[in-house]
Amino acid sequence: MGKVLSEWIFTTDHKRVGILYLIGSIAAFCIAGIMALLIRAELTYIGPTITDDPTTYNVWLYFHGAAMILGFQIPALTGFMANYFIPLMIGAKDVAFPRLNAFSVWLFFMGVVLALLTFVVPDPPDIMWTGYPPYSVITTGNTALYTFTVLLIGFASIIAGINFLTTVSFMRAKGMGWNQLNVFVWATIAAFVIQLIFVPVLGTAVLLIAFDKYLGTNFFDTTTGGDVLTYQNLFWFYSHPAVYVIFLPFFAIIMEIVATFCKNMVFNYKVVVYGGIGGIVLVSGEVWVHHLFVTGMPDWIRVGQMVTTLLISVPVGLMLIGLVGTLYKGSIDLSRTPMQYAMGFIFLFLIGGLTGIPNAIASLDLHISDTYFIVGHFHYVMAVAGTFAIFAGVYYIFPKMTGRMYNETVGKIGFWLSFVGTNVAFWTQMEMGLAGMPRRYYDYAHLPQFESDQMVMTVGSVLIGIGFVLALGNWIHGAIYGEKAPDNPWGSNSLEWTTATPPPHGNWPVLPTIDPDWHPYNYKGKR
Amino acid sequence: MCKNDVKKRKDLYPALLCFSLLFLLHSSGVYAFETSLSDTINDPAPGFDELWDTVMLDITIMGVAFAALTLWFMFRYRRKHPDQVGDGPRFSAVQAVGWALIPAFIFMADDFYLAAKGWQLWNKYRDVPADRMEVKLESGMYSWDYTYPNGIQTQNLLRVPAGKPIMLRMTSRDTIHSHFLARYRVKEDSMPGRVTYLWFYPKEEDIGDKDNLVTCTEFCGVMHSYMIGRIEVMVPAEFDQWYSEEESRLSRKKSNATGESMVTVTKKNIEQGS
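So the sequences go chain by chain: A and B.
So for the first sequence, the numbering used here puts the first residue at 1; every next one is plus one.
So for the second sequence, the numbering used here puts the first residue at 1001; every next one is plus one.
For reference, chain A alone in the conformation it holds in the complex:
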């Protein structure tokens, strides 16, 4: 047992590093999910419901946001999925720097442990995941925990970024050209390019609030020449691109699943890659001011970035046409759980993506900014659509990863519960926001008209919770007791399905060689 444990802890195998990332991120997801249910329980009725201390509630909010984004989505996508899929998809025996890879997962785990200290320290951070000063500087909450969690996880992803860019550049199978890469590989390296450019900016921002709070500097103190908006600009200069760090891989994994279960070529592959993914990398850094539409930034930049923000619809639209187009003349098999999650994803993403358009329009933001509308919008587009994609991806790779099958019936019940729950909860939330319900409220005694809607939301969130718990239970049960899985249960053409199940250390006895006519989505046998 001890030997097995140390094998896992000191592993340099990309697949095991990936699984460690998965375990850590699912742990963060579970705790952040419990926080979500606590938040919903508190808001079900007017007045104090399960806690009479608003600070306790604010700590839940903080932890839910920070852990879901920094502890679950980014690590599950650019940690677990990148590690597990990319070397297999490009026909490499491992990543370029396996020990650096192991180091990055250790840093990530340290970050998670540090984040969990929130529940142990006497002064937990209550600064929301955005940590805006001056509040994060003047609060008695522990801002340093936030700063150092972000720094550790950020450093982990910088290391991973260098590692994967090198791996994809130099370790593709013999003969594999750039246009023969899976969409997921493209999307993930694009996400890492974004991480490498923007993570240092976030690091700067969170370090400066710690400096202000603990070392007495005055970066954000206006009485001594600082400026409060500097932080928000730095923070969103990273954190909006971070949305694409999450979006690109999760969209691309859905693309993989749809192509496999349609046995079809990705619709207009090159445009999806160069126009869609490339376009998003280009515009990702020019839109952050839409998070500051009501802060009193100069009018010209608010109007200017309204235009750039709306233009995001162009690359995203091209990717969506690629995704829906892949269904066209496909051979669609809807009977499998990953494909059901993928189809559910399309509808959630449509609602979430399109409700981003009113958010992009500065003058409409004057009303809906910082209300439940924006919270409902990003839960649709990023939180739940992203989680659906992660769950779809785990179900999809599950047979390869564990060598066993999960239970299809339980998988589908789980999907439908969370799909229905999501729409119940977050559609209602958007309606509330439009009617004027502000976000981050512990109590809404002055807005009693929202009580019935809040109850509906709680019911929805419970459905989501049950659905996700069923999925997690299904994985654990399947990994131990499931039937033995064949090497290629979905009949995919992509390289990751050509290895043994589960893949041995080094992936292939002899590394594959790629024919110029080969393509991961070519099911017809000719180009």
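These are calculated hints, taken from the structure and not from any lab test.
Yeah, the Cβ is synthetic: ideal placement off N, Cα and C, and Gly gets one too.
Zero decoy hints are in this set.
Derived BS3-like pairs (lysine-lysine); straight-line CA-CA distance at most 25 Å: (1) 524(A) x 1080(B); (2) 1124(B) x 1203(B); (3) 412(A) x 1080(B); (4) 1203(B) x 1136(B); (5) 524(A) x 270(A); (6) 1203(B) x 1164(B).
Rough simulated footprint, nothing fancy, chain A against chain B, three-plus residues with beta-carbon under 8 Å: (7) 1049–1055; (8) 1068–1079; (9) 1100–1114; (10) 1117–1125; (11) 1168–1180; (12) 1205–1217; (13) 1221–1230.
Stretches of chain B that chain A covers, calculated by requiring three or more beta carbons in the stretch to come under 8 Å of a beta carbon on chain A: (14) 1082–1093; (15) 1184–1194.
Add chain B to chain A, keeping to what the hints say.
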């Protein structure tokens, strides 16, 4: 070879048809709803509702088109037998670029249209009518403190006359707050070290409305959700009466509060022999 090409192009027809339909539906819908924003009164709140409806129509058409297409494909192209593989189109360079440029132009046309509408409304929100009352707002944990032009101060209650545009010049003494008036569809952050502004147009139908609330929409600490204020819209005459009464009370207070002026008053009285 030639036959093959023709077949390939035929494959595209349904998809092209869907797209042109989408485009037509979209543009016609948008034009049907396009009414120029009224310029007799500068109130941006109705403009918000109007633009909101336009945007909702716009995104509903797009969303329904994509969703319907997805559902139809899911039904039409479901796997009939286990060995079936997909037969999706393989594009020539021209077709591929066309499939990028045409949708890109449709999306961009829509984006610029919405941006233009948004900018038009934005200007209304930012151009404050000259005939206005300017009230200073200082926010703090956890109250809204208003100061009127004549110096009177109120807390968490902003009394305003109906029919007069009200401009708030806002700052904060501690952390960031956001002054949200859901009734008037407007909010703006108030923060230390900067002065921001917003304006709104109280109307007669708002008189006597107890639910015309000010809420804080920027997380500001433990009592964030209790940082509630209220806008009380008054009949202009009643407002003027309240305003001047408060003013005179304020000046009485001032003269009472200053020792010197008390002395001056007493001296005068003595000199006049009363």
